[in-house]
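Colleague: Generate coordinates for the entire structure from the input sequences, incorporating the hints supplied.
Taken in order, these protein sequences are the chains called A, B, C and D. All letters in the first sequence, in the order written, are residues 1 to 288 by the working numbering. All letters in the second sequence, in the order written, are residues 289 to 576 by the working numbering. All letters in the third sequence, in the order written, are residues 577 to 836 by the working numbering. All letters in the fourth sequence, in the order written, are residues 837 to 1096 by the working numbering.
Keep in mind that the hints were calculated from the coordinates and are not lab data. Glycine included, each C-beta is placed from N, C-alpha and C at the ideal position.
Taking beta-carbon pairs under 7 Å as the criterion, some of the chain A residues facing chain C (in silico):
id : residue
1  : S116
2  : G117
3  : N173
4  : N209
5  : V212
In silico DSS-like cross-links for lysine-lysine, where the CA-CA straight-line distance does not exceed 30 Å:
id : chain 1 : residue 1 : chain 2 : residue 2
6  : D       : K982      : A       : K245
7  : D       : K893      : A       : K238
8  : C       : K633      : A       : K192
9  : C       : K715      : B       : K421
10 : A       : K192      : C       : K594
11 : D       : K854      : B       : K480
12 : A       : K191      : C       : K715
13 : B       : K571      : B       : K533
14 : A       : K245      : A       : K283
15 : A       : K283      : A       : K238
Reference listing, derived: stretches of chain B covered by chain C, where coverage requires no fewer than 3 residues with Cβ under 8 Å from a Cβ of chain C:
id : segment
16 : 313-324
17 : 361-369
18 : 374-383
19 : 469-478
20 : 521-531
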Amino acid sequence: MAAFSSLREAVASLVHDGATVAFEGFTHLIPFAAGHEVIRQRRRNLTLIRMTPDLIYDQMIGMGCASRLIFSWGGNPGVGSLHRFRDAIQSGWPLPLEIEEHSHADMAARYQAGASGLPFAVMRGYVGSDLPKYNKNIRSIACPFTGEVLTATPALNPDVTVIHAQRADRKGNVLICGIIGIQKEAALAAKKVIVTVEEIVDALNAPVNACVLPAWVVSCICLVPGGAHPSYAHGYYKRDNAFCKAWDGISRERDSFLAWMNRHVLATADFADYLRSIEAGSKVSSHA
Amino acid sequence: MAAFSSLREAVASLVHDGATVAFEGFTHLIPFAAGHEVIRQRRRNLTLIRMTPDLIYDQMIGMGCASRLIFSWGGNPGVGSLHRFRDAIQSGWPLPLEIEEHSHADMAARYQAGASGLPFAVMRGYVGSDLPKYNKNIRSIACPFTGEVLTATPALNPDVTVIHAQRADRKGNVLICGIIGIQKEAALAAKKVIVTVEEIVDALNAPVNACVLPAWVVSCICLVPGGAHPSYAHGYYKRDNAFCKAWDGISRERDSFLAWMNRHVLATADFADYLRSIEAGSKVSSHA
Amino acid sequence: MEYSPTEIMTIAAARKLKNGTVCFVGIGLPSAAANLARITHAPEVVLIYESGTIGAKPDVLPLSIGDSELAETADTVVSVPEIFRYWLQGRRVDVGFLGAAQIDKFGNLNTTMIGGTYHAPRVRLPGAGGAPEIAAAAKEVAIILKHSKRAFVEKLDFVTSSGYFEKANGNRPAGVPGRGPTTVITDLGIIVSDPATNELILTKVHPGITAEQVKEATGWALKVAPNLEITPRPTARELTALRDLHARTAEAHGSAATAE
Amino acid sequence: MEYSPTEIMTIAAARKLKNGTVCFVGIGLPSAAANLARITHAPEVVLIYESGTIGAKPDVLPLSIGDSELAETADTVVSVPEIFRYWLQGRRVDVGFLGAAQIDKFGNLNTTMIGGTYHAPRVRLPGAGGAPEIAAAAKEVAIILKHSKRAFVEKLDFVTSSGYFEKANGNRPAGVPGRGPTTVITDLGIIVSDPATNELILTKVHPGITAEQVKEATGWALKVAPNLEITPRPTARELTALRDLHARTAEAHGSAATAE
Chain A
1 MAAFSSLREA VASLVHDGAT VAFEGFTHLI PFAAGHEVIR QRRRNLTLIR MTPDLIYDQM
61 IGMGCASRLI FSWGGNPGVG SLHRFRDAIQ SGWPLPLEIE EHSHADMAAR YQAGASGLPF
121 AVMRGYVGSD LPKYNKNIRS IACPFTGEVL TATPALNPDV TVIHAQRADR KGNVLICGII
181 GIQKEAALAA KKVIVTVEEI VDALNAPVNA CVLPAWVVSC ICLVPGGAHP SYAHGYYKRD
241 NAFCKAWDGI SRERDSFLAW MNRHVLATAD FADYLRSIEA GSKVSSHA
Chain B
289 MAAFSSLREA VASLVHDGAT VAFEGFTHLI PFAAGHEVIR QRRRNLTLIR MTPDLIYDQM
349 IGMGCASRLI FSWGGNPGVG SLHRFRDAIQ SGWPLPLEIE EHSHADMAAR YQAGASGLPF
409 AVMRGYVGSD LPKYNKNIRS IACPFTGEVL TATPALNPDV TVIHAQRADR KGNVLICGII
469 GIQKEAALAA KKVIVTVEEI VDALNAPVNA CVLPAWVVSC ICLVPGGAHP SYAHGYYKRD
529 NAFCKAWDGI SRERDSFLAW MNRHVLATAD FADYLRSIEA GSKVSSHA
Chain C
577 MEYSPTEIMT IAAARKLKNG TVCFVGIGLP SAAANLARIT HAPEVVLIYE SGTIGAKPDV
637 LPLSIGDSEL AETADTVVSV PEIFRYWLQG RRVDVGFLGA AQIDKFGNLN TTMIGGTYHA
697 PRVRLPGAGG APEIAAAAKE VAIILKHSKR AFVEKLDFVT SSGYFEKANG NRPAGVPGRG
757 PTTVITDLGI IVSDPATNEL ILTKVHPGIT AEQVKEATGW ALKVAPNLEI TPRPTARELT
817 ALRDLHARTA EAHGSAATAE
Chain D
837 MEYSPTEIMT IAAARKLKNG TVCFVGIGLP SAAANLARIT HAPEVVLIYE SGTIGAKPDV
897 LPLSIGDSEL AETADTVVSV PEIFRYWLQG RRVDVGFLGA AQIDKFGNLN TTMIGGTYHA
957 PRVRLPGAGG APEIAAAAKE VAIILKHSKR AFVEKLDFVT SSGYFEKANG NRPAGVPGRG
1017 PTTVITDLGI IVSDPATNEL ILTKVHPGIT AEQVKEATGW ALKVAPNLEI TPRPTARELT
1077 ALRDLHARTA EAHGSAATAE
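Modeller: Put into structure tokens, the structure is as follows:
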């Protein structure tokens, strides 16, 4: 059953050094606040899973939290490269980063298998691609009826999945809406689930077939308004596109990156403090 | 792209003798009107697919439309036996009925595989059950990573899937809500899709993550208010429980069954006429 | 208060569910018992129906597994493939609540056919539904079934969903993560699987029922626990809640058929 | 009206989409072309983005594949596993619209790395994203890419998603239902795969561009169709629609970065 706690407590109690952690949110509802808290608590040696390791993982990788990355697309959407991600892979800075690389369709299927209690996923994938040459987790399987050969990959079952959602009710039921991405599967595939939310309400008022996580599959709920910044929260605030573009410059050099992270993440007490420090408070104020 | 037509035209043009047809709706939105139209047009030799062949298939089987049934649970929910289904299997009346029997979890997985363009589905199923002894479509498959042996069954890809939904907009986009069952998967697995709807509206006003079938995956949309009777349509009318209970008596004997079907289905011009004939018009009038 | 055999069976089954338990509910007696638990001692029990309703809190008992009351009162309603894959197969269910037509002493269940052959049965039953996977994936399974020699048989005509597979070694096979059928609640008593032998053993009789009566109604040589207990009598609160539930249900469905 | 090379590239790509075509859209130039088609000659084109938005009708171009404009204007928004399984792998996509960093003469694409080795690349690119399965499952694939010898190469540093697998027999392998990359639209012309050899052949040049210029910008010995045509000039309607779209986009996103 969901416990309500501060994000600091949730990360301290559930995200341990060496853990396998998925931060999900497919170009929407990206759990930046939780990523920052992991950086603040100086977690090390994490295996990070994420379909789209965009700015959030650029920050965590650049700050040395990760030793391994499982992913399918690593870029700054609509902007360009992730400089810290590239620096880690190309030059091993600040640490060597082992990578396990899949396609989006495969990562989605792997989370589904994990959520479904299956050891592997089946898909039509990678025909003619070089990726299977470098990834022993991409194998083949024959259909027992037609003999056709398809792709099999192992289920993903993170130790912890972290997501950001629009709201929870006081029992801890969580509503996710808009672009729901892979969050439900990532949450249900994990051993523990942390959800940061824009607000906690008396009644969810979720449409009958909405994407809802019942309280009893959530470990911790943390109230973090604006917690997806610079990503967006459908119905609450828009993406901070200016920040995403500015990140290209901030992150390009190691020094400017470290200076920014020190000032805005390590030197801030929490995400509200971070938002004040970058003067983004007005951008993430709720519409409500 | 969805065409709007009468149900008579839709069945005449898309449901042919010998076809494999799924009528879906899991204890909700059961497409009775379409089933009746198939009976009126005296289709023969159909392979009928349905997770829960309840009254609608009892009627179609008893009227000799089917030579084969693929299913997972055949009963009158909350009432008892399906007498026509039993008579066909136990005594071959009016025709021998070949059966292919699965579990619910398996049928759902088979429709998913069909909708996903995969030749087979993987599940944890049937351990210790006698069902695989009688069904060559239940096979095993080994996980390429763990070696664990799981169940594999072939994808379902009906020639035609028929469903009933709350409403369509004038472009032909369809909204299904409440207990959405297996309808989306059954529709996407099929070569052709017929949707009967309670009403056609200017704007669907569907919640962002609702269960919507875009117009371009639907073959025919037919306006049939009350078309799920005696099943129900969430937001429109309730199940006619009295009818479901009365069916036990109507269907128990061959003669009383045939008399009822002749009077209320074969002798009626369409579903509106049927509803008048059983005086159920008031039970299915829209709330709107 | 006086009570009927069906009432004590339903109440004894309801007591099996603790507050917060996640229960995958079959229709009929399991649903009555699960909802009775919810409106009495276990308000936070989570009821999942295979129609995709999670956290249903119906005010009246559903006639079918997919009644509108379930959807309207649920925390969320998901598709049927999702309920079986993410929620049942994903091992999120604490207790599967099942009925059956026949049961044997290892908790194997038959809901497929009786007599004749599979292809020409004397009595064709509805079939598997969700049972084989509920029996395997739920952390444990409770079965609610009226006692009779026709139902409690030495050998099933067909094994639809499996209990302990007639293996008396305390282990269930690979691919079966749950503990299997731990408890059978009947109108005469409660039968529990012996961890040592996997055989179902009578551990409780309902007030006024003797072990002899239960053995007489069982088609195999039913073993009786040395420390046989007596089920606590239904309380006035339990009986009133159950009867009110049935009365509301009868009124809503236009008949008394489910009240029994 | 005058136009830029990027403008004629985008407009030529937009023309590839017919009304009613179901298009799986990559971000950037493919998205600009697909939306231009929608607001000009193909109002009923169906745009699917891998973020799960089906039938998106954004008024401004999305910066990312999952902008709120896509969700707010879509006919429905489904989960990411659903979009890849039911919609792409389910073979419902007519045209996959892709970009890339490198392409070879058989339409194989590289978005993974350039130079060095896989584990120590000189330039690490974002990776596969949805491309390998889009390339295989879409009924056909159109690629939009600016012409340069760095991009149009004899040999890819890495095959991320496959075209014709360097097999010149007109058949694609089992498990690849689509026709593959039929068309590459560049800022210089249009290159189309020859059904006989599967090799990409220059069939159209944009006005004022010569075949020699295109060959010069291509890293392999580009073949030229005997009946080389000239792309029709962008119309005023097309150019105005494209420029208005970029202007709206720049205003909405607070910069002119996507307008180019």
